[in-house]
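**Student:** Below are the chains, spelled out letter by letter.
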Amino acid sequence: MVSTRKWSQPLLSILTYVLVLVMIFPVIWMVITGFKQEADAYTAVPSLIFQPTLTQFQIALNGGFVAYLFNSVVASLVSTAIAMVLGIPAAYCMVFQMRKKGSNDMLFFVLSTRFMPFAAILVPLYVIVSRLNLLDNLFTLILVYTAMNLPLIIWMARSYFLDLPKEVLEGAWLDGCNTLRTIVNIVVPMAAPGLTAAALLAIIFAWNDFFFAVTLTYTQAPTLPIMVAVFSSNQDLFLAKVSALATAIIIVPIILGIYAQRHLVRGLTGGALK
Amino acid sequence: MSRTSSAMRQGRQILNGVSPHTRADTTPPAISVRRRVTWLHIPALVFMIIMTQVPFVLALWFSLHSWNLLQPAEGFVFVGLSNYINEFVVDPNFWPVIGHTAELIFGAIALALIAGTILALLLNRPIWGRNVLRGVATVPFLVTPSVMALVWKNLMLSPNFGIIDWALHSLGLPTIAWFSSIPLESITFIVAWEWTPFVMLVLLAGLQSIPNEVIEAATVDGANPFTTFWYIVFPMLRRAYEVALLFGTIFIFQTFGEIYLTTSGGPGFATNTLPYYTYQTAFNSWQIGQAAALGVIGVIIAILAARAMLHFTADHTPEERG
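Chains as they are written, first to last, in this note's numbering: chain L, 1 to 274; chain U, 1 to 322.
Everything labelled a hint here was simulated from the structure, so no lab data went into it.
Since this is a predicted model, take the numbers as computed values, not measurements.
Be a bit skeptical, because a hint or two may be false.
[Said to hold, decoys possible] Derived list of chain L stretches under chain U, where covered just means 3 residues or more per stretch with a C-beta under 8 Å from a C-beta of chain U: (1) 13-26; (2) 61-71; (3) 189-199; (4) 244-254; (5) 260-266.
Every residue, glycine too, gets a C-beta built ideally from N, C-alpha and C.
Construct all of the structure, not just a fragment, from the sequences and the given hints.
**Tutor:** As structure tokens, this is what we get:
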């Protein structure tokens, strides 16, 4: 047994490195392609030796990148901010004020809204939004992303609030802190790492959304994922351009996601696992 | 085996100890003093009702009507349940679409569970740069799905310029016209690639709560790695697997951008899943009533699936039904 372990351990380590490399190979290959000329991207034999160029990034930048970027940034940041403002007090209330049954009912409702297939509410949402003349309006996207991320914020905040030492909170109440001050001065700072992770995850989800962006705000308020779709359908030779653009877009969720990595599982599974 | 079983018992206690649900149930009594103001959840609740429940009720209402935006003259006519009957009985695409949906969901989650298990077990070992490797392995899950679908289609699986086809060709194997000959399988593969890190992360979280002594005891008792995994690790990861299955299934059901940007539901209806078919009915043929009915059917399927899975889970953890 011991002898088999000796040779199998390094082998397993090598296998690990290889598999992780295979997993992210599409991303690596995309980043490499983004630094190519179109001609180098369209070779029958994939080229690894080429003159790197920033041309494709410039083309993407000149293709209206800033306008799309603005929409993406505003939609994801503002929706996350609103979701935090609505979600943190709700989670506080669920953990520290509501009775157990009410709190569980609320949690079930929150989970069920996140599980509802988006396609089901798309049709009526589209009708409402078009009646209100809010189609192709960034405001619509902000509201939809807020609704999409509010459950995530509530269940993550709830699971972090449950971990807070109760003594500190009781001290604050005894000192006569009102609810607002307790939340702002005590609960939020103490749960700050978890809440930051929740916000980052919400930003990633809004940033990565394609479904609502393509159906509700395609023409006047398109976000970056839409730009990639447009880029890949308009151009004759587009591999390198699209790769450069895609690279610029995915940097954001990768950085935020790796930063929030420890909290990803809790965030995605409603606190069912940590 | 006695050491194994005692260590397992210990491990199970530790697992139960960190369960968030037992924690949630033990609200300290002192807190009841503060139960006066309980309206703080109202703004969030109202917002969610307006954004999700009101549209859903409207969807129910629309689904009982015939409403085609391309024929405004026909108007908004009450037709009872005929939109539903039309789907179940008349529409030749409906059942194939349900089949594609099931194939995509179960195919992708099965692949992700297998690959995620392998990655989680490998990354749970002591290895140089483990945290970096874990971070890197998470990347497919973080990157914008619609963007990566385009990358897969044009850079990886393109019959002319795709690197995978080049590799196949170099090895003397026939290249495959991925998105025209096996479109649904190709999309399933991409979706599985995206969700593998999710399964991996959930399983890693589960693996962390298995004490090393359990594995060591098993090894001392002469269990080989496979028996150790099958008889000891796997049962202790049961909850992690259930969570991965439940959440993975529900989120994969939402798959849209990957289909839109690779095959647009085609060729024919080959890659139309229920959400995509709902979208097409609404925004290509503008049959709002019919699309609303499809949306409602989607919600019913999601509820039934979640219930079935929760029931399956609840058999072993009754306290969590709350």
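**Student:** Now tell me, hint by hint, if it's right for this structure.
**Tutor:** To see whether the hints hold, each was checked on the structure:
1. With 9 residues having a beta carbon nearer than 8 Å to a beta carbon of chain U, the segment 13-26 of chain L meets the requirement of three or more and the stated coverage holds.
2. Under the rule that three or more residues need a Cβ within less than 8 Å of chain U, the assignment of the segment 61-71 of chain L is violated, with 0 such residues.
3. With a threshold of 8 Å between beta carbons, the proposed coverage of the segment 189-199 of chain L by chain U is violated, since 0 of its residues qualify and at least three are required.
4. Counting residues of the segment 244-254 of chain L whose CB falls under 8 Å from any CB of chain U gives 5; the rule of at least 3 is met.
5. Closer than 8 Å: that is the beta-carbon criterion, and the segment 260-266 of chain L has 3 residues meeting it against chain U, so the requirement of 3 holds.
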